[in-house]
Amino acid sequence: MTPPRRERRLPGADVGDPERLYVITGGPDGAKRASLDLVTMIVAREAPSPTVPPEQAAILRLCGAPLSVAELSAYLSLPFSVVTALLTDLLTLDLVESRAPVARASLPDRSLLEAVMHGLQKL
Amino acid sequence: MDSRSSDTITGPRSEDVLPTTATSAVKVVIVGGFGVGKTTMVGSVSEIRPLTTEETMTQAGVGVDDNSGVESKTATTVAMDFGRISISDQLVLYLFGTPGQERFWFLWNGLFEGALGAVVLVDTRRLEVSFDVIGRLEERGVPFVVAVNTFPDAPSHPVEALRTALDLPDEVPMVDCDARLRASSRDVLLTLMRYLHSLALPA
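Line by line, the protein sequences are chains A and B. Per this note's numbering, the first sequence starts with residue 1, numbered consecutively. Per this note's numbering, the second sequence starts with residue 1, numbered consecutively.
To be clear, the hints were calculated from the coordinates, so they are not data collected in a lab. Just so it is clear, CB atoms sit at the ideal spot from N, CA and C, and this is done for glycine as well. Mixed in with the good hints, there may be bad ones.
[What the hints assert, rightly or not] Some residues of chain A that are not near chain B, with every Cβ distance over 10 Å (derived):
1. Arg45
2. Thr51
3. Leu62
4. Thr88
5. Asp89
6. Thr92
7. Val96
8. Leu123
[As the list claims (entries may be wrong)] Distance condition first, Cα-Cα at most 20 Å in a straight line; then the derived SDA-like pairs of lysine to any residue:
9. Lys122/A / Ser86/B
10. Lys122/A / Ser111/A
11. Lys122/A / Ser46/B
12. Lys122/A / Ser88/B
13. Lys122/A / Ser44/B
14. Lys122/A / Asp16/B
15. Lys122/A / Asp187/B
16. Lys122/A / Gly43/B
17. Lys122/A / His197/B
18. Lys122/A / Arg186/B
19. Lys122/A / Arg194/B
Based on the sequences and whatever the hints tell you, model everything.
So, in structure tokens, the structure goes:
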């Protein structure tokens, strides 16, 4: 039995990504949102004070230990884009710190890959 | 008595809390069609119960329908399941299972950007679903391996026939797996890491 066969995509056939229809800006003047990845790790710098709005206070409570933006989104049941906007405020106020993910550079880092392999072998 | 203050939000279970030393994270994306076993694979290797993150867009944003003159807008929610593996006290690996329909990928700001690589999970009963996924990954330059999830009633094709069908270059690893089994899913991830390692230039 012969399986179906993939056809190569033609270059330029890509119609591009559609625009999102809503944008949540970080401030009244449309200040830029912080550049956050799904796996940027967030840690609270302090406990929430009474002046912190409830959503942000919830983030501060959750981030006593490091937590990824994706996990925050899951626990808060809020879309990733909304969590990103909330985090931008908290970062501006210095209430949380973010730890950028280790990105795949153009050339992957062998020692990083070896560390991951070592960790997986322990599973 | 009954406190109504903000405890509707449930955070991680105490055993799921990361150590404060967890300073860096890496991600791998598991991509494939609906029902191919992405969530099963994430769940079988994850140290936490898989979580779900969602993103919402209006239907018009999908670029499918012309909604002009239509009074009500419908919102589409796209969910993505993910899991986590602590590699060391410092390093955490996140696994994201994402649907094969590429039109949703843009929702996840940089999902593939910075990802170490991807696993394309394939069901031989619906091989065509993977074609578009593989094409997209090739275009984006995301290194990937192909894992064939073995379903009992799936047609069994020789590996070389599958490789030809998927038009995969010889160097791209292809493995059989059972996404339900932790060891099998872990081996798929190890195959990806070894492949990435082979792509890296000697230091």
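- Hints violated by the structure (listed by number, smallest first): 3, 8
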